[in-house]
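**Q** Chain by chain, the residues:
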Amino acid sequence: MNRHFWIPIGVAALCVLLTAPWWVVRAAGGGGGFDGVVNSIESRYHQRAMRIPFMGLASVVAGAATHGGVDCVRVAEFEHFSAPVDGEELNRMVEERLGQGWERMIRETSRHGGEQTLIFSHPDGKRMGLFIVDLDGAELNVVQVSVDADRLNETIIKYKHHDHDDEHTSE
Amino acid sequence: MKHRVAAIILGTAALVAPALAQPSPSPLPLPSPVEKQLAARAANVTEVTLGKGMLDFAARFMDNNDKDQVAVKQLIEGLDGIYVRDYEFDKEGEYSMDQLEQLRQAFGTPEWTPMVHEHESKSGESTDVMMKMINGEPQGIFVLDAEPKELTIVLILGPIRLDQLSELKGLSGLGGLGGLGALGDAAKDKPGKDKASKDKTDDKAKKEGTQ
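Note that the protein sequences, when read in sequence, are chains A and B.
If you read the first sequence in the working numbering, its first letter stands for residue 1, the second for the next number, and so on.
If you read the second sequence in the working numbering, its first letter stands for residue 1, the second for the next number, and so on.
These are calculated hints, taken from the structure and not from any lab test.
One thing to keep in mind: the hints can contain errors.
[Claimed, not checked] The calculated lysine-lysine pairs, modelled on DSSO-like cross-linking and capped at a C-alpha distance of 30 Å, are:
#1 B:Lys132 to B:Lys36
#2 B:Lys67 to B:Lys132
#3 A:Lys158 to B:Lys73
#4 A:Lys158 to B:Lys67
#5 A:Lys126 to B:Lys91
#6 B:Lys36 to A:Lys126
Everything numeric in this text was worked out from a predicted model, so none of it was measured.
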C-alpha cells in the first residue's frame, strides 16, 4: 500500500525536477533562438503565439521538395496583436535572444503605423539562416528558415523550365 | 616538465583561440551616435546592412541566363557591403546641419574624394556624393541626400564601376540605392573613368567657387 502511494508521488516529483529549469527559463521569457524570441515576445507583450500545427512535418516536406534548399522552417503567429510596440525595444530584445552569429540585415520601423520588420541572417557554411519578425497592424509573425542558395536555386530553375515548357505546349 | 609544457601550450591556446575565433571585422561602419539620434526622432526608419556574405548569398540566386541579372551579379559579387539608412520625419527641422556635417566628416579622410556637393537654399535640399579612390580605382561610394523631411545615407564599399550602378535600379526597394541608377546612367553616357574624373574636377571647381 505504502509503495503504491509513493511511486506516483516520486514520478511526479521527478517530472517537476526535470522540467523545472524549462519552466524557469520560460517564465523569465528566456532561452535563445526561435523559442527564446517567441517566449520573450509572449511575456513582454502579454500575447499568446499560435504555433502552426504539423509545422515540423511541413518543414521536412519543404526540405524534401527543395532537395534541402529550404530547411528548419519554424513559424509562430500572433493574431490580434494589440500591444503598442517600441521598435528599439523589440529590436534589442530580438538581438539579445538570438545571440551571437546573427546579424541584422534589414530593419524597418514606423513610430505611428504599428509596422515593424526585422530580418537577421546567420551564415552557416553553404547555408544561410534567416530570422524574420514582422508586425503588420494587428498581426505579428516570427519565422525562421535555413536556406541553401544553390539547392534552392536549382529547384527554382527547374520549376521555371517546367513553366516555360507548359506555356509552349499550351500554345 | 612535460606536464608544465602541456599546461603552457593549453593556456596559450585558451588565450589565443577566442581572438582567432572572432570573425574578421566588417568593413561596414557601426551606426554612429548621430544615426541613433536621427532614428530616435524619425517617424519611419529603414536600415539595410548587407555584408559580403549576404551579397554573395544573394548573387547565387541570380539567373546566369538572364543578361540583366548577370550584370547585377557581377556588380554585387565584388562588393564588400551595402549600407543604407533612410529616415523619414513628420515635420521639418528634425535634424540639424551639425548632424549632417558629422555624417560628412566620417568620410573626410584623404581616400574619399568629393564628387558632388549640391545645396539648394530655397528648398533646403542637399546632396553629397563622395567616392573612395584607391590607386585611381573607385573602391566605394557614399551618398548623403537630405530633404527637409527625409534623410538618406547610402554607402557601398568595394570595387565599383559607375556604368554598372544603373543595374541597381531594380533594387529600388532599398531606399536610396535605386537613385544611384541615375548616377550610373550618367556615367554610361561617357567613358567611365573620363566621366568620373570630369565630375570630380567640375565639382571641386564648383565647391571652390562657392567657398
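**Q** For each hint given before, does the structure comply? Return the numbers of the non-compliant ones in rising order.
**A** 5, 6
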